[in-house]
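J.: Build out the structure end to end from the sequences listed, making use of the hints.
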Amino acid sequence: MTGTAMSWSLVIALSLGAYAFKALGFVVLGARTLPEPLTRCLALIPAALLTALILKDTFSVGQEWTFDARVVGLGVAAIAAWRKLPLIAVVVLAAFATAVVRAL
Amino acid sequence: MRLDSDTRRVVSASLTLSAAVGVFALSFGVLAVSAGASVAQTCALSLLTFTGASQMSAMAVIGGGGTVGAALGGALLLAARNGVYGLALAPYFRGSLGKRLLTAQFVIDETTAMHMAQSNPRLRKTAFWTTAIALYSFWNIGTLLGALAGSAIDPQRFGLDVAFTAAFVAMLVPHLAHRKGRQAAIIGGAICLATIPFTPIGVPVLASGLAIFVGLGVPRESSSPEAAA
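In order, the protein sequences belong to chains A and B.
Everything in the first sequence is counted per the working numbering, starting at 1 for the first residue and increasing by one.
Everything in the second sequence is counted per the working numbering, starting at 1 for the first residue and increasing by one.
These are computed hints drawn from the structure, not numbers from a lab.
Just so it is clear, the structure is predicted and the values come from calculations on it, not from any experiment.
Using N, Cα and C, we set each Cβ at its ideal position, and we do this for glycine too.
Careful, some of the hints might be misleading.
[What the hints assert, rightly or not] Partial chain A-side listing against chain B, Cβ under 7 Å, derived: (1) L10; (2) S15; (3) A18; (4) R40; (5) T66; (6) F67; (7) V71.
[Unchecked claim] Straight-line Cα separation of at most 30 Å, DSSO-like style, residue types lysine-lysine; simulated pairs: (8) A:K84 x B:K125; (9) B:K99 x B:K125; (10) A:K84 x B:K180.
T.: This is the structure in structure tokens:
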């Protein structure tokens, strides 16, 4: 992949930002409790964002919708995760299935 | 040093978990390099950012051609949950400010889960620190090895470009156990897919964050009494 936007400024900004969140809850706010609705919303971030990342990485390239071998990888990953296989097994099986479909 | 059986059980669980995460760090290393990061940048992310989902999300957006801003936005939104973990852990850590600032770097999914799973304060602390130290070691060694290997192989050929997706699926499953989680997932996914053709790369993932506002509604299923206590 050429023309990537990867840079040291991203590494540094992400590291500072991620640490700021860790320290905000753990050190700055301490044992205080957040308003209940806010806590409920924050707890939903992974559900919303992980789903978005999964769909984006499976069904698009850039700004185009796509449908290719990655769909098989997603299907295998979903079955493996649903059967509660360990994380690494989910990753390896999905990668293997995708590679096999591409090689056919 | 003799360890009692509870401590041995906790240490062994921490090491198993950390080793599994370490193998997973290998694929982060491979993918980050294939998305355009140098080996040094990849290792710096694991050493300094040290929160897997955010690192992977940032590299998934960058690898897909997104801007730094879009990559950062989604990754930081994911990092916000560590702030919530910090709130839950804070009462158990009462050291000096310097020590707490250092400890904060290790407030992540796995250390929080291992801490919360124990029955008494001593085991909680053991679980937190053994997981923190073992996981930090495995995560960074795995990243380095993956990044070095990634410079040598073609990820597409081995299907490794779906490794992020597969990992995200495994991380997502527990969040679908509750009704609100399923709603947020469906709405977030729909927002993302619908906005892909019309917005800059990376923005759809960020926009999916709007789905968290389903949490504002009062939970219908048994709002547990201890939540109010």
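J.: Next item in the hint list is F67 of chain A. Is there a CB on chain B closer than 7 Å to its CB?
T.: violated, 12 Å
J.: Hint validation: T66 of chain A versus chain B, beta carbon distance must be below 7 Å. Holds or violated?
T.: Check failed: Cβ of T66 of chain A comes no nearer than 10 Å to chain B, outside 7 Å.
J.: Min Cβ distance, S15 of chain A to chain B: is it shorter than 7 Å?
T.: holds, 4 Å
J.: Using Cβ atoms only, decide whether R40 of chain A comes closer than 7 Å to chain B, and label the hint accordingly.
T.: holds, 4 Å
J.: Can we keep the V71 of chain A interface hint, with Cβ of chain B closer than 7 Å?
T.: Violated - the Cβ of V71 of chain A stays beyond 7 Å from chain B, reaching only about 9 Å at its closest.
J.: Has the given pair, K84 of chain A with K125 of chain B, been kept, meaning a C-alpha gap of at most 30 Å?
T.: Distance ~28 Å between K84 of chain A and K125 of chain B Cα, so the pair holds.
J.: Mind checking the alpha carbons of K99 of chain B and K125 of chain B for me, to see if they're no more than 30 Å apart?
T.: Holds: K99 of chain B and K125 of chain B sit about 14 Å apart, inside 30 Å.
J.: Identify whether the interface hint at L10 of chain A stands, where standing means a beta carbon of chain B within less than 7 Å of its own.
T.: Nearest chain B Cβ about 5 Å off; hint holds.
J.: Quick one, is the A18 of chain A hint okay against chain B at 7 Å, beta carbons?
T.: Constraint on A18 of chain A satisfied, holds at 4 Å.
J.: Do the alpha carbons of K84 of chain A and K180 of chain B lie within 30 Å of each other, as the hint requires?
T.: With Cα atoms ~21 Å apart, K84 of chain A and K180 of chain B stay inside 30 Å; holds.
Figure legend: structure checked against the earlier numbered hints; hints not met, in rising order: 5, 6, 7.
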